[in-house]
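In our numbering, the protein residues as written are -5 to 179.
If you are wondering where the hints come from, they were derived from the structure by calculation, not from laboratory data.
Every value quoted in this text rests on a predicted model; they were computed, and no experiment measured them.
Hints may contain errors.
Stated by the list, open to error - Here are the computed lysine-lysine pairs in the DSS-like style, where the Cα-Cα straight-line distance is at most 27 Å:
1) LYS46 to LYS61
2) LYS65 to LYS50
3) LYS61 to LYS50
4) LYS94 to LYS104
5) LYS157 to LYS145
6) LYS72 to LYS61
7) LYS133 to LYS116
8) LYS104 to LYS116
9) LYS133 to LYS145
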Amino acid sequence: MADQTTTHATIEVQPHGAEAGHGDSSALMQANKGLVLWTWVTFILVCIVLYKVAWKPILAGLDQREKDIRKSLDDAEKIRDEMAQLGETQQRMLGEAEEKSKAILAEARKGAGEAARSIEAKAREEAQILVENATRELKAAQEKAQADLRKESAEIAVALAGKIVGEKLDAENDRALVDRLIEEL
-5 MADQTTTHAT IEVQPHGAEA GHGDSSALMQ ANKGLVLWTW VTFILVCIVL
45 YKVAWKPILA GLDQREKDIR KSLDDAEKIR DEMAQLGETQ QRMLGEAEEK
95 SKAILAEARK GAGEAARSIE AKAREEAQIL VENATRELKA AQEKAQADLR
145 KESAEIAVAL AGKIVGEKLD AENDRALVDR LIEEL
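The whole structure should be built from the sequences, with the hints applied where relevant.
Next up, the structure:
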């Protein structure tokens, strides 16, 4: 590979009337009027071109971005207000729902109490009817038992009287006859 060497050239700017090799530092500070004029003309032309080509679209984009940001901020404020209203509405609805549920529970309790009282009254009526029926049946059974007892007592008395009349008795015979009849019964 061949070595490549780079050569740098040095250019010295020398003002008119200065000799090469004798540097005058004040000459560097002096401005060339033509150069200054062309620099300003170039600067102004570049500014005009940039204004027409770049700055107008950049400024328009910045204005549009500013409008978008303002609109976003306004929308965010509206959304925050709507959310606050929704929160209030939600709290109000929750309160109303709680009141309704309390009213429903109170009504259900009242209905349950009335139903319980109705059922209790009906049960008392049925129990009273059963007691009255049982009392009547007991009374009828008692009357029947008493009638049967009277009938049997009369039959026994008639049978005893027939036997007593059939035999002539004395005190000893009377006692023996009563004992014998009691054993037969």
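Run through the hints listed earlier and report the numbers of any the structure violates, in increasing order.
none
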